[in-house]
Amino acid sequence: MRLNKQHWSVIKLLVFTLGLLPFFELLFDGINDQLGANPIETLHFGFGDWALRFLCIGLALTPIKIIAGQSWPVRFRRMMGLFAFFYASLHLLVYVVLDLSLSWTALIDEVPKSPYILAGLVTYLLLLPLALTSTQSMQKRFGRYWLVLHRLVYVAAVTALVHYFWLVKKDYTQPLIYAAVMTMLLAVRIYKFYQKQMRPVKTRSPGLRQKKTTNNEISR
Amino acid sequence: MLIKSQTEIAGHEITDRKVFESRRQFIKAATALSASALLPNQVQAEPGKYANVAASPYSIAVATTDREDVISYTNYYEFSTNKQDSTLLAKGLTTSPWSVEVLGETEKPGVYHLEDILKDNPVEERIYRFRCVEAWSMVVPWIGFPLGEMLKKLKPTSKAKFVQFTTLYNPDIMVGQRSHVLEWPYVEGLRMDEAMHPLTILATGMYGDTLPNQNGAPLRLIVPWKYGFKSIKAIVKIEFTETMPATAWNKSAPGEYGFYANVNPEVSHPRWSQSRERVLGSSLFTPKRATEKFNGYGEQVAGLYSAMDLTKFF
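Protein sequences appear in the order of chains A and R.
Just so it is clear: in the first sequence, position 98 is 98 by my numbering, and no numbers are missing.
Just so it is clear: in the second sequence, position 280 is 280 by my numbering, and no numbers are missing.
Because the hints were derived from the structure by calculation, they are not lab data.
Here a beta-carbon is modelled for each residue, glycine too, at the ideal position from N, C-alpha and C.
Don't take each hint at face value.
To be verified - With a straight-line Cα cutoff of 30 Å, these simulated DSSO-like cross-link-like pairs (lysine-lysine) come out:
1) R:Lys312 to A:Lys113
2) R:Lys119 to R:Lys108
3) R:Lys83 to A:Lys113
Claimed, not checked - One-sided and incomplete, this derived list gives chain A residues near chain R with beta-carbon spacing under 7 Å:
4) Asn38
5) Pro39
6) Leu98
7) Ser101
8) Asp109
9) Glu110
10) Lys170
11) Asp171
The following block holds chain A by itself, in its conformation from the complex:
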């Protein structure tokens, strides 16, 4: 069965609702006083974890497309990226509003002493322009530079991992899992890139090059 535009709207709405579930779960736990002994930490870590997970999911879509040979995963790339940004924003908001209680002196004391917070802030500053330029009109306005700009997501993935590794006291299991996932996702892209480089003659055939890629299908 071929899915039409309306089908995709419904599917997207479902995925969107799913993406909001962790947010509502933590919200309800907060309202019901179920966040444990250190509620701020639970919120802070919870949002941070989901930011990282959505970053991974967003970065997994192109490899899935490559491996499955289907273009549908790419339809969700913007939404996943924006969810990563949404949870990263909540993560930062909890830190500034609840953990620091909006105190400048606390911020000025903590940030220079904590390289991991610095790495986290850098990650957020890298994600911010991507979120702001995520609309279709921005995509058109930026033209070919849009792709270049959005490659910042790879840098953000690395700084997010650094952020995680630096804050862990001793047990690196969790950040290592994320690092392994991201390395695999990058490896697929690198493999694909070199595969293209190896066969320049074949792909240059004019017939195949004619098909114009739409903005939605630009692969990273």
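With chain A fixed as given, assemble chain R onto it according to the hints.
Quick look at chain R alone, frame taken from chain A:
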């Protein structure tokens, strides 16, 4: 796609504030009830083992942290590096019978049963602030006895300069010991004068009852002016030594965790600030508390370190 405009919420549909709040109370009560249903009845019926223990003048006059928070948020790497998992996994530990081996520079080496130790060392309640190196803190009413009193009875020789403590090693039950996150068994140590200080205690209980396993049952150290990792849990060995013991966290990251580990807001951890602490159980909008030097026990203990550069001997 058609999106309907949001209809107005009728007044009677808005939950009354009182109802909403009573619902919260109900949820709390229901959670407490369901948790208590899992416990054997006798635990509920009988008052805590140490319910009538006298309070010590060394206690601080500060409201204690909710017991529920203290028993559900524990660092116990012998079981797991996750604070909630360690609470559950520690339930598998058998803490009775228990004995402690005493060795090294002492006139009275030997294996001592915990019951005998407790017979010779009457317990009291000590309400202390507890500050973790991870920048969170709590106030706990420990039940214990002064370590110094016990050590005196063991007659350390003139060569005894330090006391070394060792946690039980049993990877079958302490499943965290199967991974190499720290060097096992966990070892901690104190300089003799620190060990003899009246504030230093060996705890066997808290909140008027015996220690829950995750909080270090059946015998743990409490040194209130030092970061929590010094307060070693489930002690099976006490050794008097002439040289400074090689302690677990110090071995694993010497640049981050020193032997002394005195609470000090002026000396930050290489990766985070120690100037403030999150008090467990405080509301979402309560700011962090300013950390005090020696965790507020400076008057009593600063003298132990008067000749030392605390930025060097952290």
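Hint check:
As the CA atoms of Lys312 of chain R and Lys113 of chain A are separated by approximately 17 Å, the hinted pair is consistent with the 30 Å bound. Of the pairs offered as hints, the one joining Lys119 of chain R and Lys108 of chain R holds, with about 17 Å between alpha carbons and a cut-off of 30 Å not exceeded. Annotation: proposed proximity of Lys83 of chain R to Lys113 of chain A holds, straight-line Cα distance about 25 Å (limit 30 Å). Interface restraint check: Asn38 of chain A against chain R, minimum CB-CB distance 6 Å, threshold 7 Å, status holds.
For Pro39 of chain A, the suggested interface contact is upheld, since its CB lies about 6 Å from the closest CB of chain R, less than 7 Å. With a cut of 7 Å, the hint placing Leu98 of chain A at the interface with chain R holds, because the nearest CB-to-CB distance is about 6 Å. Taking 7 Å as the C-beta cut-off, the interface hint given for Ser101 of chain A holds, the closest approach to chain R being about 4 Å. For Asp109 of chain A, the interface hint holds, the least distance from its beta-carbon to any beta-carbon of chain R being 5 Å, beneath 7 Å.
Interface hint at Glu110 of chain A: satisfied, since its Cβ lies 5 Å from the closest Cβ of chain R, which is below the 7 Å cut-off. Because the beta carbon of Lys170 of chain A sits about 5 Å from the nearest beta carbon in chain R, less than 7 Å, this interface hint is met. Hint status for Asp171 of chain A relative to chain R: holds, with the closest Cβ pair at about 4 Å, below 7 Å.
The structure shown violates none of the earlier numbered hints.
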